[in-house]
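**Student:** I would like the entire structure built from these sequences, with the hints used as guidance.
Now for the letters of each chain:
There are 2 protein chains.
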Amino acid sequence: MTIKLYGFWRSIASFRVRVALRLKGIEFEEISIDILSGKQFEPGYDAINPAHALPALVHDGNLLIQSLPIMEYLDQLYPGHPLLPAGAKDRAYVRALALVTVADTHPLTVPRVRNYLAKTFNAGQDAVHDWAGHWISEGFETYERLLTQRPPAPFAAGASPGLADICIAGHIASADLFKFKTSAFPAVAALGARCFAIPAFASSHPFAKPGAPKQA
Amino acid sequence: MTIKLYGFWRSIASFRVRVALRLKGIEFEEISIDILSGKQFEPGYDAINPAHALPALVHDGNLLIQSLPIMEYLDQLYPGHPLLPAGAKDRAYVRALALVTVADTHPLTVPRVRNYLAKTFNAGQDAVHDWAGHWISEGFETYERLLTQRPPAPFAAGASPGLADICIAGHIASADLFKFKTSAFPAVAALGARCFAIPAFASSHPFAKPGAPKQA
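So the sequence lines, in the order shown, correspond to chains A and B.
Anchor point for the first sequence: position 89 equals 89 in this note's numbering, and the numbering is continuous, going up by one each time.
Anchor point for the second sequence: position 132 equals 132 in this note's numbering, and the numbering is continuous, going up by one each time.
There could be a bad hint or two in this list.
Note that the list lumps identical chains together, so a pair holds whenever it fits in one copy or between two copies.
[What the hints assert, rightly or not] Derived lysine-lysine pairs resembling BS3-like cross-links, with alpha carbons at most 30 Å apart: (1) Lys4 with Lys181; (2) Lys179 with Lys89; (3) Lys4 with Lys119; (4) Lys209 with Lys181; (5) Lys181 with Lys119; (6) Lys119 with Lys179; (7) Lys89 with Lys39; (8) Lys89 with Lys209; (9) Lys4 with Lys214; (10) Lys214 with Lys89; (11) Lys24 with Lys119; (12) Lys179 with Lys214; (13) Lys181 with Lys214; (14) Lys119 with Lys89; (15) Lys89 with Lys24; (16) Lys209 with Lys39; (17) Lys89 with Lys4.
What the hints contain is simulated information worked out from the structure, not anything from laboratory work.
**Tutor:** What follows is the structure in structure tokens.
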């Protein structure tokens, strides 16, 4: 049984699932759906994910969508290298950190929103870039406050990287795509450096994927 | 020990937690933070939630933020009237339904985004209203496709209302705030009618809260 991940090189939600799979040492095959050219709306993929978004995962005949539920699913079925702590309070903390980007920031910067801004408000390329930068920066500010309140030790929930670290690393990868720096956010930057020193993270970064543009 | 919920009458994320608490029969006290006048940024609330968002919950000395992690926390500690099914596949389905609004739609329509649109793109009241309507409608379309693919029986995950139903009902409540109709989405509308026939949902609707404007 091969696990199939429908993803795309610059999809940050796909990045999250790639890291989760690799931290757990689960083999998978990735199928690229080019969301920049609208392949997520075509009939073939519509049948896989009626929400027209990435990622989707096929595991043991089950078709799963949305990065967080997929990671929780993998964590329940593959308990090696847990992504979530056991206690209710710590689980809530990790999930809340995840949602700062998964809910409150990242959805504001995805292609469908950037395209709609351009169309509806006649926003040029720079204005759309600034829009993304504003929300990415808001996410960093929130993370910096939260990580200062409860410093990583050395990862968000303790000794090993998990769900929160994956999502924060994804936020950093998103900033990389737009060429925004993390230097104003030292707690976030330090956590990110710790994450991207790990092969599961580094090999999943958008710029490490086939199809990514060459970086200067 | 009194559970404290920091919420606001028109906060849809607060609505979700109110319903979860009431479905489980958990007593709580709600403290209103007026997010329309910026109370979430003031020092008192900043100390509670550095993410400057609603809701926050204080339970047994634990301070929790973000509606989904709070509902998962309550579900782990108060197993009566479970909000999530037991199996990994069904849990993933329920969480994915939740995130269609929690991640992909609702964050695009909250006050901070509407305010930023107005400021940055000089968007007038009608344009901001149309923006919200566009994303709320996208959410309904996705829900309609998903609920047609796997019809509620009679709730999203089976016999009793849970996490997915709460989030879909919140999406409908959000549409109510903007005066958008659900009639074009029959599967969603039928599920919503089933939910709002239940006192835990009806009594938690924004229009049922103190502070809400009188409805015509």
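**Student:** Is it within a copy, between copies, both, or neither that the alpha carbon of Lys209 lies no farther than 30 Å from that of Lys181?
**Tutor:** Close inside one copy (21 Å), not across copies (43 Å); limit 30 Å.
**Student:** Is the C-alpha distance from Lys4 to Lys181 at most 30 Å within one copy, between copies, in both cases, or in neither?
**Tutor:** neither (33 Å within a copy, 38 Å between copies)
**Student:** As a check of your reading, is Lys181 near Lys119 (CA-CA no more than 30 Å) within one copy, between copies, both or neither?
**Tutor:** For Lys181 and Lys119, both the intra-copy (28 Å) and inter-copy (24 Å) Cα distances are at most 30 Å.
**Student:** Quick one: Lys89 to Lys39, C-alpha cut-off 30 Å, is that within a copy, between copies, both, or neither?
**Tutor:** For Lys89 and Lys39, only the inter-copy Cα distance (26 Å) is at most 30 Å; the intra-copy one is 40 Å.
**Student:** With identical chains, the pair Lys89 and Lys4 could be close in the same copy or across copies; at 30 Å between alpha carbons, which is it: within, between, both, or neither?
**Tutor:** Answer is between: at 16 Å across copies they meet the 30 Å cutoff, but 33 Å inside does not.
**Student:** Given identical chains, is Lys181 near Lys214, meaning Cα to Cα at most 30 Å, within a copy, between copies, both, or neither?
**Tutor:** So Lys181 and Lys214 pass the 30 Å test inside one copy only (18 Å; across, 47 Å).
**Student:** One pair to classify: Lys119 and Lys89, alpha carbons no more than 30 Å apart. Within, between, both, or neither?
**Tutor:** neither (43 Å within a copy, 38 Å between copies)
**Student:** One pair to classify: Lys24 and Lys119, alpha carbons no more than 30 Å apart. Within, between, both, or neither?
**Tutor:** neither (42 Å within a copy, 45 Å between copies)
**Student:** Have a look at Lys119 and Lys179 and pick one of within, between, both or neither, based on CA distance no larger than 30 Å.
**Tutor:** both (23 Å within a copy, 24 Å between copies)
**Student:** Up to 30 Å between alpha-carbons, please classify Lys4 paired with Lys214: within, between, both or neither.
**Tutor:** within (26 Å within a copy, 51 Å between copies)
**Student:** Using 30 Å as the alpha carbon limit, work out where Lys179 and Lys214 are close: within a copy, between copies, both or neither.
**Tutor:** within (13 Å within a copy, 47 Å between copies)
**Student:** Could you place Lys214 and Lys89 in one of the four classes (within, between, both, neither) given a Cα distance threshold of 30 Å?
**Tutor:** Answer is neither: 42 Å inside a copy and 38 Å across each miss the 30 Å cutoff.
Violated hints for the displayed structure, listed by number in ascending order: 1, 2, 3, 10, 11 and 14.
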